[in-house]
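With the hints as your guide, set chain B onto chain A.
Top line first, the protein sequences correspond to chains A and B. Under this note's numbering, the final residue of the first sequence carries the number 211; numbering is consecutive throughout. Under this note's numbering, the final residue of the second sequence carries the number 234; numbering is consecutive throughout.
Hints should not be assumed to be uniformly reliable.
Coverage of chain B stretches by chain A, computed from C-beta distances (three or more under 8 angstroms per stretch; other residues unrestricted) [stated by the list, open to error]: (1) 72 to 78; (2) 103 to 114; (3) 194 to 206; (4) 214 to 223.
Think of the hints as simulated: they come from the structure by calculation, not from any bench. By construction, the Cβ of each residue, glycine as well, lies at the ideal position given by its N, Cα and C atoms.
Here is what each chain is made of, one letter per residue.
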Amino acid sequence: MAQISDTELTETGLDRAGDGRVLILACGALAREIIALIKLNAWQHLTLTCLPAKLHLYPDQIVTAVEEAVHKHRDQYDRIFVAYADCGTGGLLETKCRELGVEMIAGPHCYSFFEGNTAFAAKGDDDITTFYLTDFLVKQFDAFVWRPMGLDKHPELLPMYFGNYEKLVYQAQTDDPDLTEKAQDCATRLGLAFERRFTGYGDLETALQSA
Amino acid sequence: MSDEEDDIILSELDDEELVQQMFDDLYDGLKEEIEEGVNILLERGWAPYRVLTEALVGGMTIVGNDFRDGILFVPEVLLAANAMKGGMAILKPLLAETGAPRVGKMVIGTVKGDIHDIGKNLVSMMMEGAGFEVVDLGINNPVENYLEALETEEPDILGMSALLTTTMPYMKVVIDTMNEKGIRDDYIVLVGGAPLNEEFGKAIGADAYCRDAAVAVETAKEFVARKHNQMAAG
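Excised from the complex, chain A in its bound form (with noise of 0.2 angstroms):
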């Protein structure tokens, strides 16, 4: 695959990385850790396309653009597996999911399944005041939090946001010490006390396995 950069992942997605006959639809968010696991795993029938990350910031698009990148898919591959969890879609992303008869990733969203959906759910309200980044988010901390929420002109609004959060967890998938760095100045900035999990890539893997 040619080097595909981070903004790149946030803004656009990904065309496509791959030739196999199953057709990983993920969100751009995602995309370096599917790589990283279809090279560990020489899973050669896999191809991986994204969608932009940054559809997050408005999951009520993500329902659409999975649905049209399906349909859009569907012809050139023998199947298609959505990577992406319910993501804020409140139930809609696995209806539609359903309706056009692909499987998609269990867990309310990336921090539960890289934690492992079953160990995330078991923490119940232990968690409610933590705010979680992974590798990706850590790295597109900027164009993921702090600007869309406007606290680079607007910093007064940080206790409006996070008044009621105590705790960032950086949820690594990988070991970089320069991330773990970068996430530790992310919580000294939202004003947060700091922990790092290892969580390797967690359900994710999988997930995968079963596409």
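Relative to chain A, chain B alone:
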């Protein structure tokens, strides 16, 4: 704001111009200017309720419409809300003294497991602006909190908010408990939050799903009027 606008002296504007300027200032989230505008109108003998409805709610309605139409986004709405809050802080004690009309009463809170309150706070503020008395239970409310507040506050409306797919099903827990206790039909139940939709609202047995704060106010007014009509007819 442009330099030209910076030169505007609010006290030199006539009432109509001042209200128009306050609409602009609310739109731009200028809290100090809104506070100044409110004080000027009060000094000119405007009733607090008139200042609230014509200047503040009028301005926030424009903000709400532009948010709905995708012209404004959350940060701008929050700045506008913050400016309106400044004006409301001046008006609230005066409204209590002067006996502003009360449209109805609402108990509102974010459900258990959820700490997100931006939408709920906007709804509370706009409901107050529309003449509702609002009892805000805050965040992370178990069913017991709602039941207790319904009993002690005797509101017309129960409002529940959730931002997470994982917490929105808790609204059904609250409604089911109200059904079990035989009190469900004593209240208008409105629900809202980013991952919700109309279908979900119906499925859990709410009276209505409200897409945003402006819709919440309109829906609340409509249901309260209907309730009053039914009572009058009964």
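*Against which earlier hints does the structure fall short, listed by number upward?*
4
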